[in-house]
Each structure stands twice: as C-alpha cells, then as structure tokens.
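*Asks:* One-letter residues, chain by chain:
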Amino acid sequence: MSLFSIRNLNKHFGGLAVTDHVSFSLEKGNRVALIGPNGAGKTTLVNLVTGHIKPDSGEVFLDNQNITSLSPSARVKAGLVRSFQVTRLFSEMTPEEHVALAILQRRGRSGHIFAHYRAMPEVMAELRDILGLLNLDALARIPVSDIAYGQQRLLEIALVMALRPKVLLLDEPAAGLPSTDTVLIEKALAQLPPDLAVLMIEHDMDFVFRFAQRVIVLAAGAVIFDGTPQAVAADARVREAYLGSYAA
Amino acid sequence: MTGFPVSAATTPNLWQRSARADAIAVLVVAATALVLFLLFPQSLALLTRIVAIMLLVLSLDLVTGYSGVATLGHATVFGAGAYAAGILAARFGVADPLLMLAIGALAGALAGGVSSLVILRGHGLGQLVLSIAIVQLAHEMANKFSSWTGGSDGLSGIMPSPLFGLFRFDLWGRTGYWLAVALLIIVFLVLRAVVRSPFGMLCRGIKQDPVRVRAMGAPVYFTLVKMYAIAGAVAGLGGALSAISTKVVGLDSLSFSLSAEALVMLVLGGTGKIFGAMLGTIVFVWFEDIVSAINPFHWLTIVGVLLVVVVLFAPKGLVGAIESVVSRMRGRKT
Amino acid sequence: MQTILSIGADALAYGMVLFVISIGLSLTMGLMKVVNLAHGAFAMIGGYIASYLTQQMGLHFGFAMLAAVLGTVLIAIPLERLLYRRIYGAPELTQVLMTIGITFAIIGIANFLMGPTLKTIALPPELQGPVDIGFRTIAAHKLFAAAVGIVVAGALWFLIERTPFVVRLRASVDDAAMAGALGVRTRMVYAVSFAVAIGLAALGGVVGAQLLPIEPYYALRYMVTFLVVVSVGGAGSIPGALIACLLLGAVETTGRYLMPEFGEFFFYLAVIAIVCIFPNGLLGRAK
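Line by line, the protein sequences are chains U, W and C.
Counting from 1, position 94 in the first sequence corresponds to residue 93 in numbering that gives the first Met the number 0; the numbering is continuous, with no gaps.
Counting from 1, position 240 in the second sequence corresponds to residue 239 in numbering that gives the first Met the number 0; the numbering is continuous, with no gaps.
Counting from 1, position 281 in the third sequence corresponds to residue 280 in numbering that gives the first Met the number 0; the numbering is continuous, with no gaps.
Isolated chain U, as found in the complex (with noise of 0.2 Å):
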C-alpha cells in the first residue's frame, strides 16, 4: 500500500469534466512535479486532493486511511499539508511568530490562553532550526509586510516544513520570483526531510528537471502520462496537449 494515494476522482461541474478519472500514487520520499497546460484541472485536483472540494465519486487515502470525507483541517492534521502559489501569510506578523504558530499547532497547543512560545524552550528550539535552515533567522522579528517576496516565498516553505507533513503539496513554490531567486527555493526544498512526499505543481520546465524524479501530466482533467522526466518531452500525446495541432 502506498503512503498516499488517489483513486479513480472524478468532478464534473455543469457538463464539464475537470477532473477525468484521475488516479495515481505517491511513496516515502517521492520528488513528483504535476505539470499540464492552463486549465488542464490542476487547481482543482489540489482542491479535491486538500478537501476544499468533494469529489462526484473516487477516493484519496493517505497511510491506508481513507481520507475522503475528512475535512481540510482534518487532513492536515493526518499529515497531508499545501503551500499556496500566492503567498498567504499573515501580513502584521512576523517570521517568528508564524513557524511559531504552526509548531504550536501541529502539538496542539495553539488554543492555549495563558502561555507564551518565547518561554517554551523546546518550541524555540526546533524555531530556531527551521529558520536557520532556511536562512530566515536574520529577518525573525520583522513583520512580513517589511520583508522581501523572495523571503516571503522561503517562509511559505518554513511553515509547511514547521507541521511536519507526510504528504506536501507544493503549488508553484517559485512563483512570481525572477529566475536568479528561484535557486534559493531549490535549496530550501532540497531540505525537506528525505522521506516525505512531495507532489509540486510548477511550469518551469528547468525547475522541474532538476527536481523530480517523476512527472506526472494533467490535460483536460485527465492523466495523460505518468513517468520519468526524460521520457515526457518526448511523449506524444504530451506534445499534442501542449502544442495542440502545431505538434501533428
């Protein structure tokens, strides 16, 4: 059984298929890029895949449970976490303050009243790992608002590495950043502990290349191919859903 996989999802909305059929799976450690052209149903495969949405029929399991009718928070507490493409954070926050918050919230402790993560030493210590990690130690006390988008982007990945996840869907983590900055992003992915999953929606082909060991390609809400990179570029129905009639 796989950590994590999808079986036969289907979404339909009005008389459009947006999501055909779509199965596949992910192991420990996986490097996966999910790529397609524009309106291919990419987000709304994250969105299925998160809970966001429900599926007309099929099933998403996650470490032989079937996760379907959980809710999004359900999910992410099983282990299963995003990263957004637009940056969302918390704009008056500060870096600190939002790996803060996620490790208090993967320990359950982000409801508590009368407490302070600045006097809980094993908190501030596993803080201080991942904000070094990604060299976001330096910026710790600044609120977001003043910081960089290149940093932003990094702290985007601090957080989902702050929950710990089994399963990280990562939605175009180097969106919006010039090439120069998207480095900084490979190295911080290059981080990620070695046995988690990783499924990364991304449209830069290098990036891809570079980091997956797999792809999988989405068109017309269908799975189109699923295997190494090498092979996609040469794949035909590939050439054909992104080049169109061009390619014949």
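These are calculated hints, taken from the structure and not from any lab test.
There may be inaccurate statements among the hints.
Simulated restraints, written as ranges between beta carbons of each label pair [stated by the list, open to error]:
hint, chain 1, residue 1, chain 2, residue 2, range
1, U, N37, C, G182, 22 to 32 Å
2, U, G175, W, L37, 51 to 61 Å
3, C, V150, U, G175, 45 to 55 Å
4, C, A146, U, N37, 49 to 59 Å
5, W, F286, C, M113, 18 to 28 Å
6, W, I289, C, I74, 22 to 32 Å
7, C, P259, W, P295, 23 to 33 Å
8, C, L112, W, V324, 32 to 42 Å
Even glycine gets a Cβ: it sits at the ideal position worked out from N, Cα and C.
Given chain U, put chains W and C in place with the hints provided.
*Replies:* Chains W and C only, in chain U's frame:
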C-alpha cells in the same frame, strides 16, 4: 508596532522584557487613575462609567481589532452582564458586588458564545446585519420581559452591599471608582497575556488570512467562538460594573447605538491595540459629557466629522498616529 | 378575514415605501460595493426639502417632490467627490465608519437648521382622503406610495436590463483601470450611479413621510431597517429587494397588529433566519 531586526539568538529574554513592559504599563494606568481621582473628585461617577464602557470597547477590540469580526451589535454582551448582575441584586437580593461581577462576566461569556454561533455564520455585510439583528432582538426581549428587567423604565432597586463587607458604595462613588480601577488593571493584564498567547496569535492569524489558518489545520469557527466568549466575559464585567456603580440598568445598555458608539471609540483610539481601546473611550466619553451638556446635537455633528477625519487621515486611530510620530522622531535621532 | 386583508393592505404600502428608499441602497451596495449607512440621511434630507417647500413656501406637492430629489442630489454630489470617492473599494468596516460619521453630522446639522420637531409634508387634496378598495378604505397616500414603488421597480429594471449603463458600472467596479482603458469614464459612471441612488432615497423619503415621519433621528432610526432589507434581499437585486420589502413589511405589520407588545422582535427573528439560510440574501449573487 514594528519590531527591530534583532536575531532570535541574541535576545533570549525578550519574554522577561515584556513582563517588565507590563509592569510599567500597570504603573502608568494606576498613576493616571490616582491623578484623575485627585484632580476630579466631583467626577468619579463619570470616570467609573468611562471604565465600564472601556471594558466594552476592550471586548470589542478582541473581536474586531484582533480577530477581524465586524460587529455593530456588541452591546449585547455588555447588556447581558449588566442585566444579569442587576437582576441578581434586585430580584434575588444577592447584593455582594464581587458575586455580581462574577455573574456579569459569566452571562457576558454565555451571551458572547451563543450570539457568535449566529454572527460567525455570516461574512461581510451579512455578518454586520446579523450582529445588528441580535442586539435588536435582545433589546426587544429585555423590553418585553419587563417584570424581570423593568422594561423601558429601567431596572432599579440594585443595592450592592459593601465591598469585602468594609467599603460602602458611597454617594461620592469612591468605592465604585477604585473597584473599577482594580478591575481595569486585572483585565488589562489578562488581555495583554491573551493577545500574545498562542491562542491570541491564532486569532490575529484568522483576521489576516483565515484560509492560511485552515491550511495549517487550525479551526477557524471554534477559535472565534472561544474568543467571543472571552470578549463577552470582559464586556459582561463592564456591564456588571455599571450596574453596581449606577445602581440602575437601562435598555440603552443593550442598544444598537451603544454598539455603534463602542465601535467609534475603538476606531478613534486605534483597533488591535489595548491602549487604543482605552484612549478612544476616554476621549469619546469625556468629550461627549462636556459637549452634550451644551447641546447633544452639536455632539453628534462633532463625532460625525471626527469619525470622517479619523477614517481619512488617521486610519490607525489616535494611538496609531502617536506611534508613528514617535517612531519618526526616533528614526531622526538614530 | 377582514383583519388579514387589512394587514395585507398596510403591509403592501409599508413594504413599497421601504422598497423605494432601500432600492437605491441596494444598488449602491450591490453594484458599487459601498456600504452607505448615510442612505437614510439622504432620504431624510429629501423629506425636509419637500416639507419646507410645501409648508413654508406653499408650493405644490408634485413640484416639491421633484425639487426634493434634485436638491438632495445636489447636496450629495460634493460629498461623493470629497468623501465617498475615497472609500470605493475600501474594507466594509471603513465604509461603515465613514458613512456613520456622515450620518451623525447630517443629523446634527439637520437639527441645527430645522429643529428637533417632526416635520410634515402637505399633501395635495387628491392624496389626502381615504379610497374605498372594496373590503375597506385605505389612505390615498399609501396607494400612491405603492404605485411609486411599482413605477420605480419598472424603471430600474429597464435601466439595468435594457441599457448598457450597468455593464459600464460593473466594469468600473471590477477593474477600474481596464474599464478606463476601454473608454469608460469610470468617475462619471460612479457619480451618476451615486446620484441615481441618492435621488431614489430622496424620493422615498418624500413619498414615505407619512409612514416614516421626518425628524433629525430619522437617519439613525431607519438606518438599520434599510440595511437589513438590502442584505435580506441580496445587494444589487431589484426583485430580491422587492421580495424582501414585502416579506419584512408583512412580518412587521402582522407583528404590530397581533402582538404589539413584542415590537420588532419578529422582524429581527425573521432577519436572522433568512440571513443564516441565505448568506448572500434571498436573490443575491454568490461572491
């Protein structure tokens, strides 16, 4: 509010530093209270009323300023505390002031928790309208059950017994005033701790991006209901304090206009800041007392113009404006 | 049976007055995305102008009604340019605060100029007497109010469905820069929409003055009612506002006939139920 770029490793005892800041703040509040006591011995009733309303505005700050819930019906929790304490004293003869405060806080927390179940179902305009509908509903109920509440005549016959059996609530209002100040300091310390706690951070997070909070696996609805209950307890204390010190509870303590005024006070002082809520209340109620005595309609005109000016030119309120002036001066020095 | 018909007739008149005033607010909130709590204040200004013209100057009701609409719009235009323009697109709370501020100021000024007493509008003889409608008589001004409501609903429907104006307005709200690039004069579009909404408020203030009497606190007293009607109907929806006004008018009138001691209890209970079940209002569009 902006912190300075200090690395996490070099300042391990920032936590202790904030405890020191708390102590200084408490001293400032206590000293201000003493100065006002000496300067305005004739106005202790007004000052006590200011503290009671301050508790309402602090409560609103928790919900609106820290958690981002828009409400124009926050007097519901204040009125719940006032009526609970008042009915206890006037109808059941339980006149111990501390017991009345406790019941007020409890009733406020209950009213806050229950009303938030409804209010949080709406968003944006719907949320505002639900909050208004709830305070109007509570107002009509208080009016209808006049055998308990005294209806539009107000609830009278509240005779609080001496505090700790020693201090009588005298004509000058000295006992009421010091009780109010003590209450304010306790609430102030509790709220400072709450807003910095993990729970407080979670609420601030929900205000800024609820989607992200859900993606971290944290509950949004339940967290806000809990915050509402805490805020309700604070405002309920304010209501009970007002019942104890004025010895009457009127329907106006459960009204849309008190709710709207509380919001105005909060914005005037600055949302999301404890001092903002306190300063806004002092400025508003004090000026209201002076100007209304001349002509209540002039007061409305002034508040209206002031509100427009604050929204346009000082969106972070008086405290926000002071903070930016201070930080600009500091920036010039260094 | 007699009671039911009586309640029905009164509910209809009350509902239509609510409609004429609230529909302008519904357009402001639905199409321009501005929560204008000062809407009732403009209705009040319209009422004051008509009262002054008919009582002090002895002018005819019809002329006063027209002058009230134009006069209120003239007062509102500088406010739009100076104040409202700055809160287009701002968070709801900001809009609420600014417009409450404007309302407070208008109340204070109205009292200064006109005094705290109730002001009436002199009706022409045709609208004064009762009219026999078969099972009972009903005041002619109530029928007139209902008729004005129907005309307004029809005219707005025509404006929205049959002219390109609303398309330009929606474009201006959704993406002002793009609409501007396409040649839409967005500022003009906003100003005209605002003027139409305020004009409707003033009209409603005049027509409804017998049911909602004109005095300085009018602006605050009915602010909540108008806001509630709009959110129940769904901001921006003409049929939604119509249904909401008739429904809430019926709830309110029935409550007043049968259980007057409960006041507006049932009105707000209905509001909570509807908003909980339909978060965007009865006919509002999902965001």
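*Asks:* Now tell me, hint by hint, if it's right for this structure.
*Replies:* Hints, one by one, checked against the model:
{"no.": "1", "hint": "N37(U) - G182(C): 22 to 32 Å", "verdict": "29 Å, holds"}
{"no.": "2", "hint": "G175(U) - L37(W): 51 to 61 Å", "verdict": "60 Å, holds"}
{"no.": "3", "hint": "V150(C) - G175(U): 45 to 55 Å", "verdict": "52 Å, holds"}
{"no.": "4", "hint": "A146(C) - N37(U): 49 to 59 Å", "verdict": "54 Å, holds"}
{"no.": "5", "hint": "F286(W) - M113(C): 18 to 28 Å", "verdict": "25 Å, holds"}
{"no.": "6", "hint": "I289(W) - I74(C): 22 to 32 Å", "verdict": "30 Å, holds"}
{"no.": "7", "hint": "P259(C) - P295(W): 23 to 33 Å", "verdict": "29 Å, holds"}
{"no.": "8", "hint": "L112(C) - V324(W): 32 to 42 Å", "verdict": "38 Å, holds"}
In summary, this structure violates none of the numbered hints.
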